[in-house]
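*Asks:* Residue strings, one per chain:
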Amino acid sequence: MERKYISHNSLMNWLTQLNNEGNQIYAPVAKGNKTDYKHITSVEEISMDHIQTTQSAKAVAFPRTEKLFSYTKKNGDVTLQNFDTTTIPETVVFGIHPCDAAGFKPLSGIFNWDTPDLPFNERMKRTTLIAVSCTQCDEFCFCTSVNGSPGNTTGSDILLTPIKDGYLAEIITEKGKSLVDKHSSFFEADPNVNKEEYLAQVPVQFSLEELNKKISNMFESPVWKQQSERCLGCGACAYVCPTCACFDIQEDAHGSSGNRLRCWDACGFSLFTMHTSGHNPREMQSQRWRQRLLHKFSYMPERISVRGCTGCGRCSRACPVDMNIAEHLTEIAAL
Amino acid sequence: MDNSNIYLPHLMIVEKITQEAPGVKTFRLKFKDEEAGNNFEFKAGQFGEYSAFGEGESTFCIASSPTRKGYIECTFRETGKVTSALAKLEEGQTMGFRGPFGNTFPMDEWKGKNLLFIAGGIALPPMRCVIWNALDTRENFGDVSILYGAKSVADLVYKHELKEWEERPDVRLVTTVDPGGETPDWKGEVGFVPSVLEKMNPSPKNTVAIVCGPPIMIKFTFPVLEKLGFTDENIYTTLENRMKCGVGKCGRCNVGSQYVCKDGPVFSKVELEALPAEY
Numbered sequence: 115m116e117r118k119y120i121s122h123n124s125l126m127n128w129l130t131q132l133n134n135e136g137n138q139i140y141a142p143v144a145k146g147n148k149t150d151y152k153h154i155t156s157v158e159e160i161s162m163d164h165i166q167t168t169q170s171a172k173a174v175a176f177p178r179t180e181k182l183f184s185y186t187k188k189n190g191d192v193t194l195q196n197f198d199t200t201t202i203p204e205t206v207v208f209g210i211h212p213c214d215a216a217g218f219k220p221l222s223g224i225f226n227w228d229t230p231d232l233p234f235n236e237r238m239k240r241t242t243l244i245a246v247s248c249t250q251c252d253e254f255c256f257c258t259s260v261n262g263s264p265g266n267t268t269g270s271d272i273l274l275t276p277i278k279d280g281y282l283a284e285i286i287t288e289k290g291k292s293l294v295d296k297h298s299s300f301f302e303a304d305p306n307v308n309k310e311e312y313l314a315q316v317p318v319q320f321s322l323e324e325l326n327k328k329i330s331n332m333f334e335s336p337v338w339k340q341q342s343e344r345c346l347g348c349g350a351c352a353y354v355c356p357t358c359a360c361f362d363i364q365e366d367a368h369g370s371s372g373n374r375l376r377c378w379d380a381c382g383f384s385l386f387t388m389h390t391s392g393h394n395p396r397e398m399q400s401q402r403w404r405q406r407l408l409h410k411f412s413y414m415p416e417r418i419s420v421r422g423c424t425g426c427g428r429c430s431r432a433c434p435v436d437m438n439i440a441e442h443l444t445e446i447a448a449l
Numbered sequence: 087m088d089n090s091n092i093y094l095p096h097l098m099i100v101e102k103i104t105q106e107a108p109g110v111k112t113f114r115l116k117f118k119d120e121e122a123g124n125n126f127e128f129k130a131g132q133f134g135e136y137s138a139f140g141e142g143e144s145t146f147c148i149a150s151s152p153t154r155k156g157y158i159e160c161t162f163r164e165t166g167k168v169t170s171a172l173a174k175l176e177e178g179q180t181m182g183f184r185g186p187f188g189n190t191f192p193m194d195e196w197k198g199k200n201l202l203f204i205a206g207g208i209a210l211p212p213m214r215c216v217i218w219n220a221l222d223t224r225e226n227f228g229d230v231s232i233l234y235g236a237k238s239v240a241d242l243v244y245k246h247e248l249k250e251w252e253e254r255p256d257v258r259l260v261t262t263v264d265p266g267g268e269t270p271d272w273k274g275e276v277g278f279v280p281s282v283l284e285k286m287n288p289s290p291k292n293t294v295a296i297v298c299g300p301p302i303m304i305k306f307t308f309p310v311l312e313k314l315g316f317t318d319e320n321i322y323t324t325l326e327n328r329m330k331c332g333v334g335k336c337g338r339c340n341v342g343s344q345y346v347c348k349d350g351p352v353f354s355k356v357e358l359e360a361l362p363a364e365y
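Those protein sequences? They're chains A and B, same order as listed. Take the position in the first sequence, starting the count at 1, then add 114; the result is the number in my numbering. Take the position in the second sequence, starting the count at 1, then add 86; the result is the number in my numbering.
It cannot be assumed that every hint is accurate.
Stated by the list, open to error - Stretches of chain A that chain B covers, calculated by requiring three or more beta carbons in the stretch to come under 8 Å of a beta carbon on chain B: (1) 182-195; (2) 216-228; (3) 393-402.
Said to hold, decoys possible - Distance windows between CB atoms, simulated: (4) A:333 to B:223: 34 to 42 Å; (5) A:385 to B:194: 38 to 46 Å; (6) A:158 to B:362: 51 to 59 Å; (7) B:239 to A:389: 25 to 33 Å; (8) A:333 to B:194: 27 to 35 Å; (9) B:269 to A:369: 39 to 47 Å; (10) B:238 to A:333: 33 to 41 Å; (11) A:261 to B:176: 55 to 63 Å; (12) B:281 to A:332: 32 to 40 Å; (13) B:362 to A:115: 38 to 46 Å; (14) B:362 to A:385: 16 to 24 Å.
Note that these hints are calculated values from the structure, not bench results. Each residue gets a CB set at the ideal place from its N, CA and C atoms; glycine is no exception.
Could you build the full structure based on these sequences and the hints that come with them?
*Replies:* Shown next, in the form of structure tokens:
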């Protein structure tokens, strides 16, 4: 892995240059007391003074709503227009934290474990992730409990760690390297710093080993009901999660033509698994909470060898009834 | 990397519509793109996602046998908005199909065995595919017995085929309707599937039982099979969970770590018993 230095000014100039070259730049933008990834046209819009954005960055590869294809009906006949890959712009996502970058691996696992998912893969192919290590954290962060860290390079193409007056740049992938090589004048020599000194201290909250051992064998445990008694089934946890990929397929019809859409969905919703007959395999909220945790910590590791959680803590921050996933996982690991 | 869009359906021409029972229709579908039709292969037990453009997709099995080439058939009950829109289509019109998805009945393993089919209501379609597959390769199998029950005489689907099976000397067909569902000229059994099965008293010797039906029927049929001496290895069924994608991504149909769309829809009773009770 190549290491370089980039000053703050050069970084801003580099992003401006990338924007001018036609890349679509996504970066954290503050609005009120919330910060979220937005498509920016000027680096002036970027705000880095946040611990965590409200939403994850997954929408760059898995948009909240996306067109899978279009159809036109005429006299009983139908013509289809396939998903158009040519309209997907080259995209640079700047300022995501390592927990968000790491989230793209489980997403890719879900979208590719059996058959490749064209829309997701085409968006990923055109996306470069420039992550920034965390220098601060809050009580909801638990990346270090799920094999992550505030300076983890997994998933990023380039990882910047804020050091004095600028950044240590770790160039991780070929994609990252080509973006740096194209504009090498913005970069200087390896600053030779100890990266760890600049990172936030995120305490380990539970033993992952213990959690793994317990969670796969506790389908019938009373813990699911206890933990989910106040769950409203609002789905906020799934919408803010960097690895949640459950989706619905819906029709967007306009008279004789329309689009087949893929939309975010959530396993916490009561209608999610409801059959047409009215039978519902997960009719209780406790069954849906169990599905959420087992999917992330048991089924995904078993089927696609990747955990569905990066410890970003967003679900706990977003929960309207203060369900704290790290506390619940700690409880399970200690059973 | 495969560059095709797994969400883009094949366009299918509705070639023939059969009204099977009140609200139940069978569509014979032909690929609009001849080459796609020629390249299409599937096996007994697999399913697809059927599109009514403007309303969306619904999941049904492929109800025709892979031995019958050049078309596929699906049978559905008009229930929700997609099936209602499909039911409005006329012969010659176009709909969509994605598939085949899911696993298959192990027809090769069953060679030389007797087959006992037990179906209830609208669950005969997934079994009809297997029945015709077996009858079209009749020399591969021993005795073929079919027990089919519906709420009423009117609700029995595939009435012409039931007649055909009844008349075949190499098929034993028993039909039954729920008490009160019989007509004055009804010659079949009256009673629920599990009790008629008990009366039929089929031998478990070298026999595979394939059971499809509403959950309540399956629940009461399994103990009867067990009593008759059928072992879990020789009992098969299908699960039908809600699905959207059909290819293991949308997150709905899993039972524990097993996806009905990938690891099913066909499960042996051994596999079924290993699943958590959440289906």
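*Asks:* Verify the CB-CB distance for residue 261 (chain A) and residue 176 (chain B) against the hinted window 55 to 63 Å.
*Replies:* holds, 58 Å
*Asks:* Do residue 362 (chain B) and residue 385 (chain A) keep their Cβ atoms within the hinted range of 16 to 24 Å?
*Replies:* 21 Å Cβ-Cβ, so the 16 to 24 Å window holds.
*Asks:* State, for the Cβ atoms of residue 333 (chain A) and residue 223 (chain B), whether the hinted interval 34 to 42 Å holds or is violated.
*Replies:* holds, 40 Å
*Asks:* Does the beta carbon distance between residue 333 (chain A) and residue 194 (chain B) stay inside 27 to 35 Å, or does it fall outside?
*Replies:* holds, 33 Å
*Asks:* How does the Cβ-Cβ distance of residue 385 (chain A) and residue 194 (chain B) compare with 38 to 46 Å: does it lie in that range?
*Replies:* Given range 38 to 46 Å: holds, Cβ gap about 40 Å.
*Asks:* Would you say the C-beta atoms of residue 281 (chain B) and residue 332 (chain A) sit inside 32 to 40 Å of each other?
*Replies:* holds, 39 Å
*Asks:* Are 3 or more residues of the region 216-228 of chain A near chain B, judged by a Cβ distance of less than 8 Å?
*Replies:* holds (count 4)
*Asks:* Assuming the hint says 33 to 41 Å, is it satisfied by the Cβ distance from residue 238 (chain B) to residue 333 (chain A) or not?
*Replies:* Hint holds: Cβ distance 39 Å, inside 33 to 41 Å.
*Asks:* Go ahead and decide if the range 51 to 59 Å is satisfied by the Cβ distance of residue 158 (chain A) to residue 362 (chain B).
*Replies:* holds, 53 Å
*Asks:* Between residue 269 (chain B) and residue 369 (chain A), is the Cβ distance one that fits in 39 to 47 Å?
*Replies:* 45 Å Cβ-Cβ, so the 39 to 47 Å window holds.
*Asks:* I want to verify a distance hint. Is the separation of the beta carbons of residue 362 (chain B) and residue 115 (chain A) within 38 to 46 Å?
*Replies:* Once the Cβ atoms are compared, 43 Å apart, the range 38 to 46 Å for residue 115 (chain A) and residue 362 (chain B) holds.
*Asks:* Does the region 393-402 of chain A contain three or more residues whose Cβ lies closer than 8 Å to a Cβ of chain B?
*Replies:* With 4 residues in contact (Cβ-Cβ under 8 Å with chain B), the coverage given for the region 393-402 of chain A holds.
In this structure, none of the earlier numbered hints is contradicted; all agree with it.
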